[in-house]
Amino acid sequence: MTATIDRIVALRGQQHSLRSIAAAVGVSEFSVQTRPEIADEQGTQEASTLPLQGRARRTEQLTQPVLPALVPRVGERAAARAVLLECAGSVFSPAAHVHHAGLFLALPDLESSELVACAKKVYGSLPNGFYGLEPVLIDAVLRALAGEARAEGATRFDPVELRRVLGIDRAPEVKTIHRMISQLSETGKAEELNAALAKHHLNSTGSGGENLAALLYVDGNVRAYLGCKKIGKLNATLLKFPVPASEETRVTDAHGSPVFVVMAEPGASLAGELRKLLPELLQVVGDERRVLAGFDRCGWSPDLFKHMAEQGFHMLTWREGASKDVEELKRNCSWRSPR
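According to UniProt numbering, the sequence shown holds residues 1 to 339 in order.
Hints may contain errors.
[To be verified] Restricting the straight-line Cα-Cα distance to at most 25 Å, the calculated cross-link-like pairs of lysine to any residue (SDA-like) are:
no., residue 1, residue 2
1, LYS189, VAL261
2, LYS240, ASP219
3, LYS306, VAL262
4, LYS120, ARG156
5, LYS120, ALA96
6, LYS120, SER90
7, LYS121, LEU107
8, LYS120, GLU173
9, LYS233, ARG250
No wet-lab data here; the hints were simulated from the structure.
Based on the sequences and whatever the hints tell you, model everything.
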């Protein structure tokens, strides 16, 4: 048996309390409570059936603490209270068992999306304090992946357990999250962040600068409102009757991946929202590629078609109802560059 487990077994044999044993050995009470003598006997039996290399790895795993002690951050907390700390960095400790460890699998995709990089370019940084811009954004993304996208969902997580994924001594809670989001919203730069993320997404998923068509699909989406405010009602497709709701305009790429989402004004039509989004779509594409915008029948408007053609857009849409067949001579047309 390892020296740590020997000491735990010896102290438990002397009828010491779990708390005193954990403090003396340097592990958590949970680690002491899980009967280390049984775990070691099982580990010894398993190790005897492993090859020599496997035994070495097994021995290394046994030496890893199940839940290591917290890294002291007292100095950083004191500096944050005095507004002398810009933000605390992430510190990770080796552990054999980490709650919510599956969230680590999302970090490569989060890095490739450049959410943190774009946010730092747009917002710079948050006011001096313990929690900086990066841990606040990463915490929001990981909570959303775990099924709690709203700030109030932080109450369903143990901040001490979630801290091991974030690399800080305690995950931010609801009051702190609301304060950080308010500080970001007061800058009024949400649209800039939206455009920066969309531009990075389009330029990283295909070849830019070539004579290619940028395919975008624009559609409206009704989101049911469950709050206490009185807002107008919209027809919900799934419920088949009007409910208090807000409407979003979503833009996706040729693969159906989201590019950006904007909140539509109450009572606005898809044709009106498309007219407002055209300058932003051109800015997001960012090169001389032709832009083909597809949308459904809600955007059917001859005035919109004329305006989009003047702005250099191609369009793809449809209209409900019967119509006359297009003559064969009119089907052959030459494409012209919109710019």
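Going down the list of hints, with the structure as the test:
Of the supplied pair hints, the one linking LYS189 and VAL261 holds, its CA atoms being roughly 15 Å apart against a limit of 25 Å. Restraint check for LYS240 and ASP219: satisfied, since their Cα atoms lie roughly 19 Å apart, inside the 25 Å limit. At most 25 Å may separate the alpha-carbon atoms for a hinted pair to count; LYS306 and VAL262 meet this at roughly 24 Å. Taken as a hint, the LYS120 and ARG156 pair is broken in the structure, with Cα atoms around 29 Å apart against an allowance of 25 Å.
A C-alpha spacing of about 34 Å is found between LYS120 and ALA96, which places the hinted pair above 25 Å, so the restraint is violated. A hinted pair counts as satisfied when its Cα atoms are at most 25 Å apart, and LYS120 with SER90 qualifies at roughly 17 Å. Restraint check for LYS121 and LEU107: satisfied, since their Cα atoms lie roughly 20 Å apart, inside the 25 Å limit. Pair hint LYS120 plus GLU173 holds up; C-alpha atoms about 22 Å apart against a cutoff of 25 Å.
This hinted pair checks out: LYS233 and ARG250 have alpha carbons roughly 20 Å apart, not beyond 25 Å.
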